[in-house]
Amino acid sequence: MTDRDAELTISFLRKAGIEGLRCDDVADLVAKLHEGCAALVVAEDALGSRSVQTLAAALREQPSWSELPINLITSGGEASIRTLNTFSVLSSTGNLTLLERPFRPLTLVNSLQAALRSRRRQYQVRDLLEEREAVLRSINDAFVTLDSQWRYTYANEKAAALAGKKPEELIGLDVWTLFPQYVGTRYYHELHRALENQTIARFEVFHKASNRWLEVRVYPSPKGVSILTTDVTDQKQAEERLESTVAERTLKLRETIGELEAFSYSISHDLRSPLRAMQAYSEVLAEDYGALLPAEGQRYLERIAAAAIRLDKLIGDVLTYSRVLRAPIEMETVDLDSLFSSIVENYPTFQPFRENIELVRPLLPVTGNEASLTQCATNLISNALKFMSPGKTPQIKIRTEASGDKVAIYFSDNGIGIAAKDQPRIFGMFQRVHPESNYEGTGIGLAIVRKAVDRMSGTLSLESEEGVGSTFRIVLPRGA
Amino acid sequence: MKTILVAEDNPDDVWIMQRAVKASGLPHPFHFVPNGREAVDYLYGAGKYEDRTLYPLPSVVLLDLKMPYLSGLEVLKWIRQESANRTMISVFLTSSSDLRDIDEAYRLGANAYLVKPSELGKLVQMLKSMESFLLEHNQLPS
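Top to bottom, those sequences are chains A and B. The numbers in numbering that gives the first Met the number 0 rise by one with no breaks, and the one at position 215 of the first sequence is 214. The numbers in numbering that gives the first Met the number 0 rise by one with no breaks, and the one at position 34 of the second sequence is 33.
Keep in mind that the hints are not guaranteed to be accurate.
As the list claims (entries may be wrong) - As a list, the in silico PhoX-like pairs of lysine-lysine whose alpha-carbon atoms are at most 25 Å apart:
#1 B:121 to A:312
#2 A:312 to B:47
#3 A:165 to A:251
#4 A:312 to A:385
Unchecked claim - Here are the computed distance ranges between Cβ atoms for each label pair:
#5 A:261 to B:45: 56 to 62 Å
#6 B:52 to A:353: 54 to 60 Å
#7 B:28 to A:301: 51 to 57 Å
#8 B:45 to A:334: 55 to 61 Å
#9 A:427 to B:1: 50 to 56 Å
#10 B:106 to A:308: 31 to 37 Å
#11 B:0 to A:286: 23 to 29 Å
#12 A:258 to B:103: 18 to 24 Å
#13 B:14 to A:301: 20 to 26 Å
#14 B:1 to A:334: 42 to 48 Å
#15 A:460 to B:1: 22 to 28 Å
#16 B:68 to A:258: 23 to 29 Å
#17 A:290 to B:45: 42 to 48 Å
Read the hints as simulated data drawn from the structure, not as lab findings. Yeah, the Cβ is synthetic: ideal placement off N, Cα and C, and Gly gets one too.
Turn these sequences into a full structure, and let the hints guide you.
Printed below as a string of C-alpha cells:
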C-alpha cells in the first residue's frame, strides 16, 4: 500500500472504531505480529514473492488456536500469475479474504468486522486453553488424552517432558509406538480394560527410568481415554518413613511393655520374698524376745511390722494395677443388682457396714466386664468407708440411671470429700490428697478404678464437696 | 506319719517354714532340699537320698517356683512324666500370684497352688489346713 493509501485507510478505520497500525515492510510486519494482532490488511502490490514466503512462514508459526484473518487487497481486473501465487501460499496458512480494487471503504470495514468477530472467538479458545494449561501445570500432574486408536490428542508439558518431547510433537503419535516397553505391562492392560469396559482405572506404577512412583488415573470416554499421572514418590516415601517409624516405635513400646511385665513379675516374686522375711523375723523377734525389750523397743518393732504390712499392700496394689492394665477384657451384660449385692454381703471388710451401704434397686444392667466392675465397686466402697470424718456414720448409696443407650452408676458417700483443687489429680498413680497419718492408703486405688473403666471404654467422673461427700459416676453402655 | 518334701532355695523362707512347722505342732517330718535338682535326686533316690530309711518317699511335695538348676515347674514336669511316682501330690508354695504362673502350674498337673502369706501366723494356719485336708481327709494314691 502506498503511504498515502495506508494513512487514509487507517484514519477511516479509526472512525469505524478499529485501531490500525501501519507496517513499513514485511520484516516490520512479522515483528509486529509477535506483539499481537487481530487481523491483517495487506496490499498485494506491497508483497514481493520472497516476502510472501516470509509472511507465510510467520503465519505457520501461529499457536494452534490462532488462524489470523487476512484481507488481501488486489489490484482488480484479470488475476496475474503473481496474484494466484500469493493467494495460494497465504490461503494455505490462514483465513484469507480477497478484496478487489476498487471497493468502497465500507466494504473493507465490513470485511474487517467479520474478521474481528472470528478473531474474538479464537481469543476465547486461547483463554480456555491457557486456563486449562494453568490448571494442569498447577497440579503438577502429567495429563494426556488419547483417542480410541491410542494416539495422542493432547499432552501437557509435564506429560511431554516425561516422554522427552514437546507437547505438540506428541499429537497424533501412537502411545505404544512411543513406549514399546509398556506393551504387555500392567499399565498397558489397565488402559485397555478402562477403554473396553468404560470404567475408571486407578493404580500405582514404579517408573524405573526416573526412579519415581506414579499414581495413574484413567478416565475413559467412547472417544478415548484421559490419563492423569501424579508423582507420588514423596508421598510414598513419607508413607514408608511413617511406617518404619511406627514399626520402630511399636518395637520399642513392646520392649518397654516386656520390661514392665518382667518388672511386675519381679515385684510379685523377688521383692516380696525379702519383705516376707522382714515380717516374719520381726514377728518372731516380738514373740521370742519381746518380753526382754523395754516398751520403746517393742514400739519400734511394731513400727517395723506395720511398715512391712504397708509395703506388702503397696506391692499388692501395683500388681493389681498391672493386671488391670494387661488382662484381656471381655464385654458382657453384667447384672449389677446381683454383683453389687454379693460384694456388699461377702466382702469381709464391708460386712460390719452392711447396714450403711444402700443399693437403690433395681440397679440397671450394664455392658461391662464383671471382674473390672468388681474391682471398681470394691475400691470405691473401700474409699468411701475409709475417708470418713471421725465419729461420723458412713452412708453410702449406690444407684443407676438410664440415659439413652447408656447407664450411669453413682457411688455417693457422706465422707470428707475432695477439694476442687485436688480433684484433677486423684485418679493418677500414687496420688494422695490426705495426710497418711489420718488415712492409710497406697494412692493406687482410684488409678485402678480409672484404668478399669478405661479398659471397658466407659467414662469416670467425680462430683465432690469438701466436708459434705463425694459422688463417683461410671458411665457404661446399657446391658441387654 | 507321712513325710513332706519341701523344695525351697531361700534360706529365710526355709527358716520361716521350719518355724511355722514347729508352731503348727504337726507330727509329720518335713525334709528340705535347696533346689530343683536335689528335689529330683530325692524323689529318684539318687546319691545320698538312696537310703529311704533316712529319706523316705514323701506323701506331698511342696515346690517353690523359682529355684536354681531346675525350677518348680520343671520338677513338676519331671514328676508327671518321668518319675516312678507320677501321681505324687505336688503343691506349689510360692510368692508369685502371677496368673500366668498359676495357669502354667495347673496345666502341668499341680494339685494345688498356695501363695506364701506374709505373716507367720497365716503360714501356720495354711500348713495346718493343708495337712488336715491333704493328709487327714484326703485319700492318697498308693
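Hints, verified against the model:
Using a Cα cut-off of 25 Å, the hinted pair residue 121 of chain B and residue 312 of chain A holds, with the two alpha carbons roughly 16 Å apart. With a C-alpha separation of about 43 Å, the suggested pairing of residue 312 of chain A with residue 47 of chain B is violated against the 25 Å cut-off. Under the criterion of a C-alpha separation no larger than 25 Å, the hint pairing residue 165 of chain A with residue 251 of chain A is inconsistent with the structure, at around 52 Å. Between residue 312 of chain A and residue 385 of chain A the CA atoms are separated by roughly 15 Å; this keeps the pair inside 25 Å, and the hint holds.
In this structure the supplied range 56 to 62 Å is violated for residue 261 of chain A paired with residue 45 of chain B, their Cβ-Cβ distance being about 34 Å. At about 57 Å, the CB distance of residue 52 of chain B to residue 353 of chain A agrees with the hint of 54 to 60 Å. Range check, residue 28 of chain B to residue 301 of chain A: about 35 Å between beta-carbon atoms, so the 51 to 57 Å window is missed. One distance hint, 55 to 61 Å for the beta-carbon pair residue 45 of chain B and residue 334 of chain A, holds here, with the actual separation near 57 Å.
The hinted range of 50 to 56 Å is satisfied by residue 427 of chain A and residue 1 of chain B, whose Cβ atoms lie roughly 52 Å apart. Separated by about 33 Å at the C-beta atoms, residue 106 of chain B and residue 308 of chain A satisfy the suggested range of 31 to 37 Å. Under the hint 23 to 29 Å, the C-beta atoms of residue 0 of chain B and residue 286 of chain A, about 27 Å apart, fit the expected range. Between residue 258 of chain A and residue 103 of chain B, the C-beta spacing of about 21 Å keeps the proposed range 18 to 24 Å intact.
Taken as a hint, the range 20 to 26 Å holds for the pair residue 14 of chain B and residue 301 of chain A, whose Cβ atoms sit roughly 22 Å apart. Hint check: residue 1 of chain B to residue 334 of chain A, Cβ distance near 46 Å, so the stated range 42 to 48 Å holds. The hinted window of 22 to 28 Å between residue 460 of chain A and residue 1 of chain B is violated, with their beta carbons roughly 58 Å apart. Against the hinted window of 23 to 29 Å, the Cβ-Cβ separation of residue 68 of chain B and residue 258 of chain A comes to about 26 Å, which satisfies the hint.
Between residue 290 of chain A and residue 45 of chain B the CB atoms are about 47 Å apart, so this pair conforms to the stated range of 42 to 48 Å.
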